[in-house]
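Chain B: place on chain A using the hints.
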Amino acid sequence: QKEVEQDPGPLSVPEGAIVSLNCTYSNSAFQYFMWYRQYSRKGPELLMYTYSSGNKEDGRFTAQVDKSSKYISLFIRDSQPSDSATYLCASFTGGGNKLTFGTGTQLKVEL
Amino acid sequence: DVKVTQSSRYLVKRTGEKVFLECVQDMDHENMFWYRQDPGLGLRLIYFSYDVKMKEKGDIPEGYSVSREKKERFSLILESASTNQTSMYLCASSFSRTGSYGYTFGSGTRLTVV
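Chain order of the listed sequences is A and B.
Using this note's numbering, you'd call the opening residue of the first sequence number 1 and step up by one each time.
Using this note's numbering, you'd call the opening residue of the second sequence number 1001 and step up by one each time.
Simulated from the structure, these hints should not be mistaken for lab results.
It is possible that some hints are incorrect.
What the hints assert, rightly or not - Derived BS3-like pairs (lysine-lysine); straight-line CA-CA distance at most 30 Å: (1) Lys1071(B) x Lys1053(B); (2) Lys1003(B) x Lys108(A); (3) Lys2(A) x Lys1055(B); (4) Lys42(A) x Lys108(A); (5) Lys1003(B) x Lys56(A); (6) Lys1057(B) x Lys70(A); (7) Lys42(A) x Lys56(A); (8) Lys1070(B) x Lys1013(B); (9) Lys1071(B) x Lys42(A); (10) Lys42(A) x Lys1018(B); (11) Lys42(A) x Lys1057(B); (12) Lys1057(B) x Lys1013(B); (13) Lys42(A) x Lys1055(B); (14) Lys42(A) x Lys1070(B); (15) Lys42(A) x Lys1003(B); (16) Lys42(A) x Lys1053(B); (17) Lys1070(B) x Lys1018(B); (18) Lys2(A) x Lys108(A); (19) Lys1057(B) x Lys1070(B); (20) Lys2(A) x Lys1057(B); (21) Lys56(A) x Lys1071(B).
Claimed, not checked - Each pair of labels, with its calculated beta carbon distance range: (22) Glu5(A) x Glu1079(B): 24 to 34 Å; (23) Asp1059(B) x Arg41(A): 43 to 53 Å; (24) Phe1020(B) x Ser28(A): 31 to 41 Å; (25) Pro14(A) x Glu1030(B): 41 to 51 Å; (26) Ser68(A) x Ser1067(B): 36 to 46 Å; (27) Phe1095(B) x Arg77(A): 22 to 32 Å; (28) Pro1039(B) x Asn27(A): 15 to 25 Å; (29) Arg77(A) x Glu1017(B): 44 to 54 Å; (30) Phe1095(B) x Asn27(A): 17 to 27 Å; (31) Leu1011(B) x Pro14(A): 31 to 41 Å; (32) Gly16(A) x Asp1051(B): 44 to 54 Å; (33) Ile18(A) x Glu1079(B): 43 to 53 Å.
What the hints assert, rightly or not - A short list of chain A residues far from chain B (calculated; beta carbon distances all over 10 Å): (34) Glu15; (35) Gly16; (36) Ser26; (37) Ala29; (38) Ser53; (39) Thr62; (40) Asp78.
Beta carbons are placed, not taken as given, at the ideal position from N, Cα and C, and that holds for glycine.
Excised from the complex, chain A in its bound form:
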């Protein structure tokens, strides 16, 4: 079983929709959670970063962590075609030395 699981998609939504991207993880020691966005033929870029449980909002993006259920979510409001990309969740422990990534969910926002 992978430590971080993610539905690969593809997920196709109309412009303006609210998008929900999700990951589950198995390592109870994970404390830091991140979302990366990867455009085609590019490297991943850090989008959101949260510590422990709770919500974090940045513009149209909200990251949510529920440690009790080991569930990580990213919500995108008013989705735009420019949001079309692969979204990767990632986690690591406080004393850990490397990120563990999900396999990524491909999102397409259509006009």
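This is chain B only, laid out in the frame that chain A set:
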């Protein structure tokens, strides 16, 4: 703008060749990483380094080695390339050893071994 630069975007090499993938960062980060990315498998850590001349194995180090002679440069070496090493290779660096400020990735090198 801070950067992680990978020397080649696309490479085609023959089976058995020794292959060097170069990565340079201009952020004075101590920590650097090499990943490979494959469909359905995600990013897998090959090697990482916390300091000059230091290296540690990641999850899939077999068939690879690394070199870090200078702080800003981290090289991945395929000693004898094989077709199963055809992949997208991503270099990353970070300020924090724990990655608490995230990783900065390069644009990747797509390697094809024929």
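Which hints, by number, does the structure contradict?
-> 21 and 23
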